[in-house]
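Protein chains in written order, with the working numbering: chain A, -5 to 359; chain B, 802 to 1174; chain C, 16 to 504.
One or more hints might be untrue.
[Said to hold, decoys possible] Examples of chain B residues lying across from chain A (beta carbon under 8 Å, computed):
#1 C806
#2 F916
#3 L924
#4 I979
#5 P981
#6 G982
#7 R1133
#8 P1140
In short, the hints are calculated from the structure, not lab data. Cβ coordinates follow ideal geometry from the N, Cα and C atoms, glycine included.
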Amino acid sequence: MMIPEQSRITQGQFMFFVIQSQVGVGILTLPHKMQAAAKGGGWISTLIAGLIVQVIIVILWGLCRRFPSDTLFSFLPKITGKLLGSLLGLAYIGYFLLSAGTILSFFAEIVGKWVLQATPRWALLLLTLLTCIYLVKEPLQVIARLFVISSFTIIVMVLLSLFGYANANFTYLFPITDAGWGNIIKAANEALFPLVGYEVMLVIYPFVEGKSGGKLKAASVGNMLIVLFYTFEVFTNLVIFSPAIMPAISEPLLYMLKGFSFQIIQRIDLLFLSLWIFIVSTAIASWLYMASVGLGHFFHRGEHKKAVFYAAFIVFILALLSEDPSIIDLYDRILKTSHYLFVVVLPLIFLLFSYLSKKRSALTR
Amino acid sequence: MKRMCITSTALVVFLLMAGCWDQDLLRNARLIYGAGFDLAPNGKLLTTIVIRDLPQSEQQSPANDIIYAVGNTPRDTRDKADNQVSRLLRSYRNRVILIGEELAKQDIYPILDVFYRDPKSALNAKIAVTQGKATDILSLKKVGNVLIAEEIDELIKSKEKTTSIPKVTLETIYPAIIDPGEDFVLPYLVRKGKRVDISRIAMFHDQRFTGVLSPDESTMCLLLQARMGKITSFTQKLSAQKDHKGSHDYITFQINKSKRKMEVLVQPDDQISVTLDLKWTVGVEEYPKDQLNDKKMIAQLNQHLSKAMTDLAKKTLQKMQEARCDGLGIARQLMAFHPEIWKRQKENWGSNYQKVHFAPQIHVDITKKGIIN
Amino acid sequence: MKIDVSPSLQENKEYIQNQLFHSSDLKWRSIQFHQLEGLIVFLESLSDQQRIQKEIIQPLEENKEGTLDKIITSVNITRKSDLSQLPQALVQGNCVLLLEGTADAFVVGVAADYKRSISEPVNEGVIRGAHDGFIEHLITNLYLVRKRIENPNLVARYYQVGTESKTKLALLFMQNLANPDLVKEVDSRLRSIVMDNTLSPGFIAELIEDKPFSIFPQILFTERPDRAVAHLMEGRVVILSDEDPSALILPVTFFAFYQTPDDYHSRWIVGSFLRLIRLFSFITSFLVPALYIAVVGFHPEILPTDLIYTVKSSIDRVPFPPIVEAFLMQITLEVLREAGIRLPSRVGQTIGIVGGLVIGESVVRAGLVSYPMVIVVALTAISSFVAPSNEISTASRILGFPLMILAAMFGLIGIMFGLLFLLIHLCKLESFGTAYFAPVMPLRIKDLKDTFVRFPIWSLNQRPHDPHPKSVSQERYSRGWEHDDPGTE
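Please model the entire structure based on the sequences and the hints provided.
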């Protein structure tokens, strides 16, 4: 390129990157799960989950800060040694790919349920993945640009949900602590998973311009916005659907919209789902990007572009296999454990480790 | 260049492999405009489906095609009906669902389940209970020049505006059907000769039809629920002045604003009492006696109307209690604010509800008199 | 290879005749100058014979004292000692003067100037504003631009491209505004062109644009000097070419294609409204047929009750699925449009009638296509014609076809993926280092003031950022009379 745009993204773009990676399929089912676990206090659980995520973000940031010019894959070997570092890097790639696969298969399931009942799963998966490949093989700035723009769909989604307040009944919330604080906390644990995606920090942190403090702020603001958005949606659904119906509806957000009709268009849920496609595609693209950066680092001398195709193929296979509900459950369980392992436990260990051995990569540079 | 070739080949292959799996052409659809469900002998279900057919040329007017099918479940009957019509039966623009009285006395949820399960179904269809059989009303085919299902749809819409019947669609009753905290009410259709009359409300308890309110009580019931429509008016006899007769003895007033305050109180002995305070500002629409410039007169009228309306409210609530219809959502209030009481009472809520003590109080305040005194 | 001019007139004449292959429009005339035999050679097709008469022959006949270059009154006269350069000079419209026994030939610039007068460009009419346009004459075009920017910072650089056709180009930019990297890049791309003939600016555009496989035009064509000047003042560069009235403006963003000088000539609220209408019609021009296919073929339940029966009554008799119907009509439309352009304007009206009446009415009557489809196609066509640039108008209509296919396969979901794909594509596109979809992607809030809407002129304190101009600020306190002391805030 003629005016060589530095291959960095701004902090604002970083914020939107975090936002778009976090919002995914979880948003549709979250109110249902929260209600099941915490009844009227579900929205509090979401907020608590947001706080927990904030803490994790600080941990990840602390780790990334020590290696300001390294991605996850290049600093792992520096902490743990070459062989173990590479193995861990591959494990992270596996985790990213599985996350992408799971999101994709949830997506296909919901679209298959609500809109395209007869369309074969592979066609949907292919359509989604082709779009994602087209995006992910681009440099980071291009991806970031799109993420900024597609974040505006969230605003539209909020506006659409506001219509629900026409039938709101706030007594549905009470008593807020019906399920007990224990359950509310436990539900917060459940709410952690729809919020995943902030791991993207580990990979794109070195590409963000500015000081580390600003980066933390960007990631935190992004997370905060998303937590507020999620809490808003959970709250909306809790006041619209009585506790008795919630168990029957697994995607309350869509169900709520299905009943609405405007003068010229009915089935608002379709409109919402269409916008949601943007959100989900960006989330999948984000995971795919993380994985292909890793694969590129290990196998293509840092060119993630070359890894995109077969990474996407693996995701395709993973998503195709999970047509059986038992397999998707399996994925879910693996992801939950690996989430704690890869995003909470390991980074903490790395952080302590690098702190103890005072391995400041900045000095070696 | 090479990349372009590969991409375009992939695209072409993809296109060739693809079909239009989910295509559901509007052209091939026979659109259901309304459906009625009735109890058939042997516990079977009689479904009456009204299809609106479109004219082949612009001069002709649309016509209704009515199909009857007997089966075990709504879906079963619909499939049987589909066998009787050309092209595909489609329900996504269904406007009205009528349920016969006898069927409504049983559980209505199984009838509606099929609508809730299908992402394409029209959840904004109106739902109503009919006196006698639903199929009888749908078999009228036409009321005046209007096709039956359309007439019912329009009628329901206009009566919703006058606070005669509740604004109910399949979607809005779904929470109430499953929720133990609230019972719902539906419009009640009566066939009058060749016309359909809608002015009453059918009460439900626990998904079962349990009673009917008179037109005035229906309006009162909706006002007590704080579900006022655009226009709400009552005609009240002024029985205080006994010497007048005929139309001189009545006043018609329209409620401009109704403010409800409901409070659920629980006495230590678990006696639940509900106070309902309604403040109405009303306008006089018809009052042939022409004496509204006198403040005293108005105060007198206010007092009289307040008392009459409070009586009506009491009567309405009593009927609702008899029908065990918890239309005000008392149970919901208990659940939210008195969870222990609810835990004790929920087993037998139907009969416990009948023991609830209601204390309605309506204040009428005449503020508008029209352009003459 | 240099060949000396021979002292013999005859030899020179023969050489030139051979080099031009005895072309019939090669003329010569003998003269006498200070008792020397001389020869005037010219191409009668390119040279202005009156000028030859006035500027060469008359002074010669007066037989004044002095050398030839003093006597001849023409502005442009050069001495050439290389015979091989003379044929090239002749085909550029010069006249060659040869004298017996002289080792130098004189090349006199007497090229004829046949050019049309400056008139308003037909394709880019405006209601208000300047009504002049570029013509097929480079110098005149340069004049039109220079006249508007009387500023030494305006630089023109000449280029010659096409090894055979030798087309003349001029690269214009503002020295104090245009990014030097941009100028350097354009310069190097223009220099690198190797081609026999570059017939039109379209060739140049195709040779220097970044993504030739994209459907979107990345270089703005205009015949309006005011438009070119406005872009120059934003720090972009303009390429003018001889013998063509179109100027190439680059780098441009997508939104430049939807702006017209009219936006700035009308009041800003009106301008903003019209601009919104235009951008809205960009979306409708490719989305409406796809949406129609998706709704009628996949999700009829979206339509409200009354509408669904209206639509249904019309499509019930149509024998084709909506996708076939749509393709049929869209292609018919394109054919009609193309026919309308090719035909002379008098016959063109017939096409309007045939298209409007026969296709519109009879096709529906015959039950081949439904009324809603005709409306949809008409809407598409009209909204695509709103675009002020013909390139983007055609591109937007072509864009509709893949979307229609996606809609026919996946309904609304397919359309959404199509749009996502399109958005990604727009994100990726860069032209000369400028993001194509700026200032939306990457987002720059300040530049949005003059993108979807047009804020009042006095609030546009900064130039658009997308061409990376050297200086961003363009004004401060334009309404200085409102403040007593404009220097302080």
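Quick rundown of the hints versus the structure:
1. Contact between B:C806 and chain A, as hinted, is not supported at the beta carbon level, the nearest pair being about 16 Å apart and thus beyond 8 Å.
2. Against a cut-off of 8 Å between C-beta atoms, the interface hint on B:F916 is violated, since the closest Cβ of chain A lies about 11 Å away.
3. The beta carbon of B:L924 comes within 5 Å of a beta carbon in chain A, closer than 8 Å, and the hint placing it at the interface holds.
4. A hinted interface residue such as B:I979 counts as satisfied when its beta carbon comes closer than 8 Å to some beta carbon of chain A; here the least separation is about 5 Å, so the hint holds.
5. Here the hint on B:P981 is kept, as its CB sits about 6 Å from the closest CB of chain A, short of 8 Å.
6. Look at B:G982: its Cβ gets to within about 6 Å of chain A, closer than 8 Å, so that hint holds up.
7. Taking 8 Å as the C-beta cut-off, the interface hint given for B:R1133 holds, the closest approach to chain A being about 5 Å.
8. Here the hint on B:P1140 is kept, as its CB sits about 5 Å from the closest CB of chain A, short of 8 Å.
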